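Chains F and L, in that order, are what the protein sequence lines are. Under the numbering used here, the letters of the first sequence match residues 1 to 353, in that order. Under the numbering used here, the letters of the second sequence match residues 1 to 353, in that order.
Don't read these hints as lab results, they were simulated from the structure. Values in this document were obtained by computation on a predicted structure and should not be read as measured data. Take the hints with a grain of salt, since some may be wrong.
[What the hints assert, rightly or not] Cβ-to-Cβ under 8 Å is the rule here; a few derived chain L residues that face chain F: (1) P45; (2) E49; (3) N90; (4) S94; (5) Q105; (6) Q155; (7) V158; (8) L226; (9) P228; (10) T269; (11) V275.
[To be verified] Here are the computed lysine-lysine pairs in the DSS-like style, where the Cα-Cα straight-line distance is at most 25 Å: (12) L:K48 / F:K48; (13) F:K7 / L:K56; (14) F:K259 / L:K29; (15) F:K48 / L:K169; (16) L:K162 / L:K192; (17) F:K7 / L:K169; (18) L:K259 / L:K48; (19) L:K259 / L:K291; (20) F:K285 / L:K56; (21) F:K29 / L:K169; (22) L:K29 / F:K56.
[What the hints assert, rightly or not] The calculated label-pair distances, taken between Cβ atoms and stated as ranges, are: (23) F:D200 / L:V344: 53 to 59 Å; (24) F:P145 / L:G119: 29 to 35 Å; (25) F:E10 / L:C347: 34 to 40 Å; (26) L:E14 / F:D200: 46 to 52 Å.
We put the beta carbon where it would ideally sit given N, CA and C, even for glycine.
Each chain, written out:
2 protein chains.
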Amino acid sequence: MIPPYNKRVEALRESPTRAINRIVEHMRKRGIDVIMLSAGEPGVPPPKEVRLWLAKALEEESMRLYSYTPSPGFLELREAIAMDIKDLENVDVSPEQIVVVTGGQNAIFSTFSTILSPGDEVILMDPTYFGYLNMLPYFDVKLVPLVAPPERGFQPDVEAVKEVVRRGKTKAIVLVSPDNPTGRVIERGAAKAIADIAVDYGLWVVYDEPYKTLIYEGEHVSMYELAPENTISLYAFSKDPGIPGWRLGYVYGPAEVAKRIALVAEATTYNPPSVAQYLVLTYLKNREVRKRHIEYFKAVYAHRRDVMIEELRKIDGISFHKPQGSMFVLADVKRALQAKGYDVLPCVESLLV
Amino acid sequence: MIPPYNKRVEALRESPTRAINRIVEHMRKRGIDVIMLSAGEPGVPPPKEVRLWLAKALEEESMRLYSYTPSPGFLELREAIAMDIKDLENVDVSPEQIVVVTGGQNAIFSTFSTILSPGDEVILMDPTYFGYLNMLPYFDVKLVPLVAPPERGFQPDVEAVKEVVRRGKTKAIVLVSPDNPTGRVIERGAAKAIADIAVDYGLWVVYDEPYKTLIYEGEHVSMYELAPENTISLYAFSKDPGIPGWRLGYVYGPAEVAKRIALVAEATTYNPPSVAQYLVLTYLKNREVRKRHIEYFKAVYAHRRDVMIEELRKIDGISFHKPQGSMFVLADVKRALQAKGYDVLPCVESLLV
Numbered sequence: 001m002i003p004p005y006n007k008r009v010e011a012l013r014e015s016p017t018r019a020i021n022r023i024v025e026h027m028r029k030r031g032i033d034v035i036m037l038s039a040g041e042p043g044v045p046p047p048k049e050v051r052l053w054l055a056k057a058l059e060e061e062s063m064r065l066y067s068y069t070p071s072p073g074f075l076e077l078r079e080a081i082a083m084d085i086k087d088l089e090n091v092d093v094s095p096e097q098i099v100v101v102t103g104g105q106n107a108i109f110s111t112f113s114t115i116l117s118p119g120d121e122v123i124l125m126d127p128t129y130f131g132y133l134n135m136l137p138y139f140d141v142k143l144v145p146l147v148a149p150p151e152r153g154f155q156p157d158v159e160a161v162k163e164v165v166r167r168g169k170t171k172a173i174v175l176v177s178p179d180n181p182t183g184r185v186i187e188r189g190a191a192k193a194i195a196d197i198a199v200d201y202g203l204w205v206v207y208d209e210p211y212k213t214l215i216y217e218g219e220h221v222s223m224y225e226l227a228p229e230n231t232i233s234l235y236a237f238s239k240d241p242g243i244p245g246w247r248l249g250y251v252y253g254p255a256e257v258a259k260r261i262a263l264v265a266e267a268t269t270y271n272p273p274s275v276a277q278y279l280v281l282t283y284l285k286n287r288e289v290r291k292r293h294i295e296y297f298k299a300v301y302a303h304r305r306d307v308m309i310e311e312l313r314k315i316d317g318i319s320f321h322k323p324q325g326s327m328f329v330l331a332d333v334k335r336a337l338q339a340k341g342y343d344v345l346p347c348v349e350s351l352l353v
Numbered sequence: 001m002i003p004p005y006n007k008r009v010e011a012l013r014e015s016p017t018r019a020i021n022r023i024v025e026h027m028r029k030r031g032i033d034v035i036m037l038s039a040g041e042p043g044v045p046p047p048k049e050v051r052l053w054l055a056k057a058l059e060e061e062s063m064r065l066y067s068y069t070p071s072p073g074f075l076e077l078r079e080a081i082a083m084d085i086k087d088l089e090n091v092d093v094s095p096e097q098i099v100v101v102t103g104g105q106n107a108i109f110s111t112f113s114t115i116l117s118p119g120d121e122v123i124l125m126d127p128t129y130f131g132y133l134n135m136l137p138y139f140d141v142k143l144v145p146l147v148a149p150p151e152r153g154f155q156p157d158v159e160a161v162k163e164v165v166r167r168g169k170t171k172a173i174v175l176v177s178p179d180n181p182t183g184r185v186i187e188r189g190a191a192k193a194i195a196d197i198a199v200d201y202g203l204w205v206v207y208d209e210p211y212k213t214l215i216y217e218g219e220h221v222s223m224y225e226l227a228p229e230n231t232i233s234l235y236a237f238s239k240d241p242g243i244p245g246w247r248l249g250y251v252y253g254p255a256e257v258a259k260r261i262a263l264v265a266e267a268t269t270y271n272p273p274s275v276a277q278y279l280v281l282t283y284l285k286n287r288e289v290r291k292r293h294i295e296y297f298k299a300v301y302a303h304r305r306d307v308m309i310e311e312l313r314k315i316d317g318i319s320f321h322k323p324q325g326s327m328f329v330l331a332d333v334k335r336a337l338q339a340k341g342y343d344v345l346p347c348v349e350s351l352l353v
């Protein structure tokens with residue numbers, strides 16, 4: 001007799017990126033050369049100085065690099081993160097408000113576990129990071145996607161947000177800036193309006209900012225500064241300094257919510273990976289290396305964006321909003337495909353075979 | 001207006017190890033020298049060859065070490081794990097049945113998420129690994145601790161298990177072998193009896209075996225072999241090869257449950273840390289280094305155990321069961337304290353100040 005499973009796990013779906021990876025692999029097997037453009041996979045490894053520091057530390061005959069750490073990350077790292085936030089965004093956050101977690105995914109999971117209850121409504125932009133879509137059903141909440149129109153540069157539609165919030169079921173508004181996959185950086189006016197809604201109605205703003213050091217035009221708005229009691233900020237070290245596989249990130253917000261998020265993070269992973277904590281600590285503490293590295297990878301990704309845009313402009317019928325940040329261009333290829341005699345839907349479906 | 005939290009998070013407690021760590025720190029600050037004996041913190045780092053391989057790889061100017069990996073871990077590692085299980089336990093497990101996860105804690109969390117529903121009863125030995133106690137309430141289940149008597153070497157009481165199971169509410173039996181903190185290695189007879197109960201009543205056996213290569217006397221029983229459709233085995237690379245902070249482990253069981261556990265693991269951490277995957281792959285593939293390392297750390301820990309036991313025997317009124325595996329001695333110090341005029345409870349409470 002085989003024992004039954006938990007029904008809630010049935011709500012979980014494979015991440016869309018995983019599905020895309022399988023499609024790409026499948027096409028390659030059929031001899032079709034595919035360049036994978038959809039995932040947020042960085043192309044710049046961490047600074048050499050930092051990697052060599054770690055290489056040296058690996059020679060030591062001690063448990064220093066390998067031991068368990070406190071669940072919210074070790075204090076020195078949380079202090080370095082607080083300093084980094086102060087330095088880059090001029091915002092004061094104390095180490096007690098920061099929870100170091102096992103990557104962006106754990107930041108999202110621990111945060112949603114902490115704030116969402118079954119039946120809550122969660123507002124998301126449409127389009128936005130698709131990783132939310134396969135995880136949120138696990139929490140038994142209702143997703144409310146609100147179109148962020150391409151013709152307005154994918155800025156959130158504040159009036160539409162208000163209209164949903166007035167129904168009184170909203171628990172959280174999820175915002176990504178710079179956004180994946182639109183490349184949109186939120187404008188201060190829209191951010192302020194959403195912050196005000198959150199404060200007025202007692203909502204959480206989950207502000208997901210893994211690309212905050214990857215902005216080509218415009219500024220990164222601190223949502224925390226606009227609504228410190230209502231904002232939970234999520235960050236991952238995946239893109240900067242470029243260790244997506246190593247799984248390290250942090251969450252910050254009011255100390256009380258940070259404490260609860262830390263308990264979920266502890267329940268799910270005990271502590272964030274120590275080796276990644278040491279690497280990032282070395283990176284953040286060496287301010288010169290830190291600043292030089294940001295300038296370097298920004299130049300690399302800006303160049304890639306410009307090449308991409310230039311090439312896309314050469315194709316008739318492709319329209320897109322020029323990304324101001326992150327590492328994506330979201331292009332509408334419908335008319336271009338139609339001009340070549342393809343229907344969009346069968347075309348997409350054939351990719352999914 | 002500050003938004004509310006999820007009630008389920010209220011069920012989470014700080015891990016007892018964290019609390020113990022704070023006590024130790026507190027006592028050290030008061031100038032009291034404390035040797036921390038309670039945590040499963042290994043003292044032997046990974047083999048030098050393996051660490052130097054990683055140090056070398058860190059010099060590369062590529063994203064190889066840093067990229068995202070498939071959520072259940074990369075295939076080559078799962079193949080190496082299957083080979084290792086075959087080699088050490090003579091059990092056939094396919095890579096599709098193995099999910100590499102972010103450490104033992106994530107193995108436990110992903111497994112419990114997958115199999116437990118609110119109201120289920122979960123049988124635990126008493127005493128056993130206390131990490132379960134602060135996490136299980138999150139799943140809204142009923143814990144049924146069954147005394148594993150010290151006078152029987154902490155072997156499970158099979159009749160007591162049967163009695164609970166007959167009530168018809170049990171979903172899972174959790175067994176740790178070698179056990180933390182008792183050092184008990186489960187006997188084949190008891191393991192077989194529990195496997196039979198699980199099969200007859202359609203229950204899961206969650207078989208937690210992070211110390212399976214750390215046995216001084218006796219043999220490691222494969223629960224999976226006894227009940228392949230009902231067993232979920234959990235392993236962590238924390239003690240062997242000694243990377244607790246790096247967070248890597250695996251789960252194996254029927255392919256269908258492995259697939260579901262992988263979805264929870266993905267939702268919580270996206271993928272297990274790539275750097276730890278590379279280190280462990282290098283370790284497991286180099287069979288000579290692997291075998292030499294097991295012999296080495298077993299000798300180190302066996303010696304420590306023997307010193308500990310020898311010293312404990314010198315103290316009047318201390319009784320304990322000689323551990324056959326893991327890295328703990330669970331000693332009853334009640335009579336020894338009483339002989340010195342201390343009451344046990346106030347003594348323990350004074351440590352918790």
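Evaluated hints:
Because the closest C-beta pair between P45 (chain L) and chain F is about 6 Å apart, less than 8 Å, the hint holds. Below 8 Å, beta-carbon pairs count as interface contacts, and E49 (chain L) has none with chain F, the closest being about 11 Å; its hint is therefore violated. At its closest, the beta carbon of N90 (chain L) sits 24 Å from a beta carbon of chain F; the interface hint therefore is violated under the 8 Å criterion. Here the hint on S94 (chain L) is broken, as its CB sits about 18 Å from the closest CB of chain F, past 8 Å.
At about 4 Å, the closest approach between the beta carbon of Q105 (chain L) and any beta carbon in chain F falls short of 8 Å, and the interface hint on this residue holds. A distance limit of 8 Å between C-beta atoms decides the matter here; for Q155 (chain L) the minimum to chain F is near 24 Å, and the interface restraint is violated. Nearest Cβ of chain F to the Cβ of V158 (chain L): about 19 Å, over the 8 Å cut. The hint is violated. This hint is violated: L226 (chain L) has a C-beta 15 Å from the nearest C-beta of chain F, more than the 8 Å allowed.
At about 10 Å, the closest approach between the beta carbon of P228 (chain L) and any beta carbon in chain F exceeds 8 Å, and the interface hint on this residue is violated. At a threshold of 8 Å, the smallest CB-CB gap from T269 (chain L) to chain F is about 5 Å, leaving the interface hint in force. The beta carbon of V275 (chain L) comes within 5 Å of a beta carbon in chain F, closer than 8 Å, and the hint placing it at the interface holds. A C-alpha spacing of about 22 Å is found between K48 (chain L) and K48 (chain F), which places the hinted pair at or below 25 Å, so the restraint holds.
Annotation: proposed proximity of K7 (chain F) to K56 (chain L) is violated, straight-line Cα distance about 46 Å (limit 25 Å). For a cut-off of 25 Å, the pair hint linking K259 (chain F) to K29 (chain L) stands: about 24 Å separates their Cα positions. Only pairs whose Cα atoms come within 25 Å are accepted, and K48 (chain F) paired with K169 (chain L) is rejected, the gap being roughly 56 Å. Between the alpha carbons of K162 (chain L) and K192 (chain L) the distance comes to roughly 13 Å, so the proposed pair stays at or under 25 Å and holds.
For the proposed pair K7 (chain F) and K169 (chain L), the alpha carbon gap of about 17 Å is at most 25 Å, so the pair holds. With a C-alpha separation of about 35 Å, the suggested pair K259 (chain L) and K48 (chain L) falls outside the 25 Å cut-off, and the hint is violated. Between K259 (chain L) and K291 (chain L) the CA atoms are separated by roughly 31 Å; this puts the pair beyond 25 Å, and the hint is violated. Between K285 (chain F) and K56 (chain L), the direct Cα distance comes to roughly 24 Å. Compliance with the 25 Å bound is thereby established for this hinted pair.
In summary, the hint linking K29 (chain F) to K169 (chain L) is not supported, as the alpha carbons are separated by about 49 Å, beyond the 25 Å threshold. Taken as a hint, the K29 (chain L) and K56 (chain F) pair is broken in the structure, with Cα atoms around 32 Å apart against an allowance of 25 Å. Checking the proposed 53 to 59 Å range against D200 (chain F) and V344 (chain L) shows it holds: the Cβ atoms sit about 55 Å from each other. In this structure the hint that P145 (chain F) and G119 (chain L) lie 29 to 35 Å apart at CB holds, the actual value being about 34 Å.
With their beta carbons about 49 Å apart, E10 (chain F) and C347 (chain L) fall outside the hinted range of 34 to 40 Å. Separation of E14 (chain L) from D200 (chain F) is about 34 Å and departs from the stated range, judged on CB atoms against 46 to 52 Å.
Hints 2, 3, 4, 6, 7, 8, 9, 13, 15, 18, 19, 21, 22, 25, 26, counting from the list given before, are not met by this structure.
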